[in-house]
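Per numbering that gives the first Met the number 0, the very first residue in the sequence shown carries number 0; after that it's consecutive.
Misleading hints may appear alongside valid ones.
Unchecked claim - Heads up, simulated SDA-like pairs for lysine to any residue below, C-alpha to C-alpha not over 20 Å straight-line: (1) K162 with V140; (2) K90 with G46; (3) K101 with R73; (4) K108 with W20; (5) K101 with Q68; (6) K347 with G318; (7) K108 with M169; (8) K374 with K416; (9) K24 with N55; (10) K416 with M169; (11) K374 with R465.
If you are wondering where the hints come from, they were derived from the structure by calculation, not from laboratory data.
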Amino acid sequence: MTQHVFFLGIGGIGMSALARWFHAKGAEVAGYDRTTTALTQALQEEGISVDHSGENTALPESLQQDIAQGNPDRWTIIWTPAIPAEFPLLKLLQQAGFTLQKRAQVLGKISQNRPVLAVAGTHGKTTTSTLLAHLLHHGGVPVEAFLGGIALGQASNLLLAGKDEKSPWMVAEADEFDRSFLTLYPTFAAITSVDADHLDIYGTHQEVLQAFGQFAEQIKEGGLLWHEDVVEPLQQAVPATAHLNADVYGELAPQESLEGRGWAAGYAQVGHAASGPHGEARFELHLRGQAPMEVCWRLPGQHNAANATAAAYLACRAGVDPAAIPPALAAFPGVARRFEVKYRTEEKAVIDDYAHHPTEVQGAIAAARQFFPGKRLTGVFQPHLYSRTQDFMNAFAEALSALDNCILLPIYAAREKPIPGVDTQGIGEKMVGCPVECPEESRFLDALEQMDPEVLLFMGAGDLDRWIDPAWDRMNTNTTTH
């Protein structure tokens with residue numbers, strides 16, 4: 000690849016990690032993004048040029064010269080499908096003969112001829128891959144990680160090996176969106192879940208399963224780990240996967256053993272450790288050939304115990320000593336917007352979570368119940384995409400009904416246009432046993448004040464995190480009593 004790289008949509012979480020990687024390797028890196036965010040500002044502070052105007056004159060001078068002189072081969076142009084086809088800058092580069100590549104294509108090229116650890120699945124990818132990179136680093140195994148979230152403590156979505164570390168493992172979040180993960184051929188990989196999602200891209204759940212089946216077949220022989228809930232649906236949808244030499248992990252019931260289930264890894268006794276020195280969540284980690292190990296850490300919930308188990312298995316396959324896993328998990332600070340406790344006192348708390356699928360919403364609510372037992376739980380949910388809201392309206396309503404109170408914010412459209420008849424009121428009307436409000440954003444804080452939350456759980460993949468600070472301020476000036 001070239002020493003000159005330009006990104007169309009540089010502010011995306013995956014795109015910015017790639018930009019940082021090229022910059023660290025000494026390339027000239029610049030990019031365009033529509034909006035100024037903390038991430039684009041961080042890129043600029045690191046020495047990467049970011050333009051928000053989209054004007055031709057704002058392009059790097061060297062790129063303007065190569066467009067004028069017809070030298071497209073000096074540049075790698077990476078774009079996101081979120082950029083519309085009629086966008087002038089995109090059309091200019093295409094007409095000038097520049098080859099445009101998607102992020103996944105470039106990540107696939109970077110991964111060639113090196114050992115790769117990948118995490119795939121409709122849920123848990125970001126937390127599991129970030130955990131994996133953390134375990135490798137703590138275990139003394141060189142690692143280079145491209146993450147789909149910001150690792151707390153690192154403040155980055157790219158983790159680089161030290162300059163003197165040779166042949167680092169590459170950790171990649173293998174994203175099923177747009178079949179991106181099919182550019183990867185991992186040495187070892189985990190598949191955490193295969194629920195229906197991205198149906199605006201795939202059309203049917205069967206097509207989602209077909210893509211995961213193809214990904215599974217691209218993993219090196221003997222390198223696949225899949226969750227127990229993945230095995231049957233994937234083998235039924237893609238019979239060829241039944242012949243894969245794969246390991247299984249999942250939740251063990253009390254007194255169950257890995258040997259009895261024929262599994263390679265498992266988790267058990269997920270619960271609350273009220274006096275844990277490293278946090279209030281605990282579980283028992285089982286790895287083949289090892290005695291069960293107790294883990295006390297910061298991330299509650301069954302889903303996070305599953306994420307940690309998959310990460311631990313992959314880390315051990317890459318050379319980490321199993322005995323190093325529990326203390327490394329205890330030291331894991333978490334991932335931004337993945338059950339991130341933003342504020343906390345004895346009486347109140349605010350949590351930010353990226354949950355945007357019914358299964359993730361269910362998991363986040365269950366984790367909050369575990370982490371804050373006996374507290375009144377109020378949820379704020381901002382649906383992400385009209386198509387996803389339409390596909391999962393009943394499932395969202397069922398999952399959100401487990402809250403004590405709920406506020407539904409307007410749908411975050413992202414790349415989509417509205418679908419007639421699809422709105423948050425539709426979810427609210429189907430909820431049972433949970434008081435719900437669907438205010439306009441201008442009335443959000445007033446609606447919140449009426450509910451007087453003890454624990455406030457924000458859920459969604461849009462921009463609702465901008466409400467966290469104002470909500471906490473309002474919670475602490477609220478004099479309503481119940």
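Hint check against the structure, violated hint numbers in rising order: Checked against the structure, the hints that fail are numbers 2, 5, 6, 8, 9, 10, 11, while the rest are satisfied.
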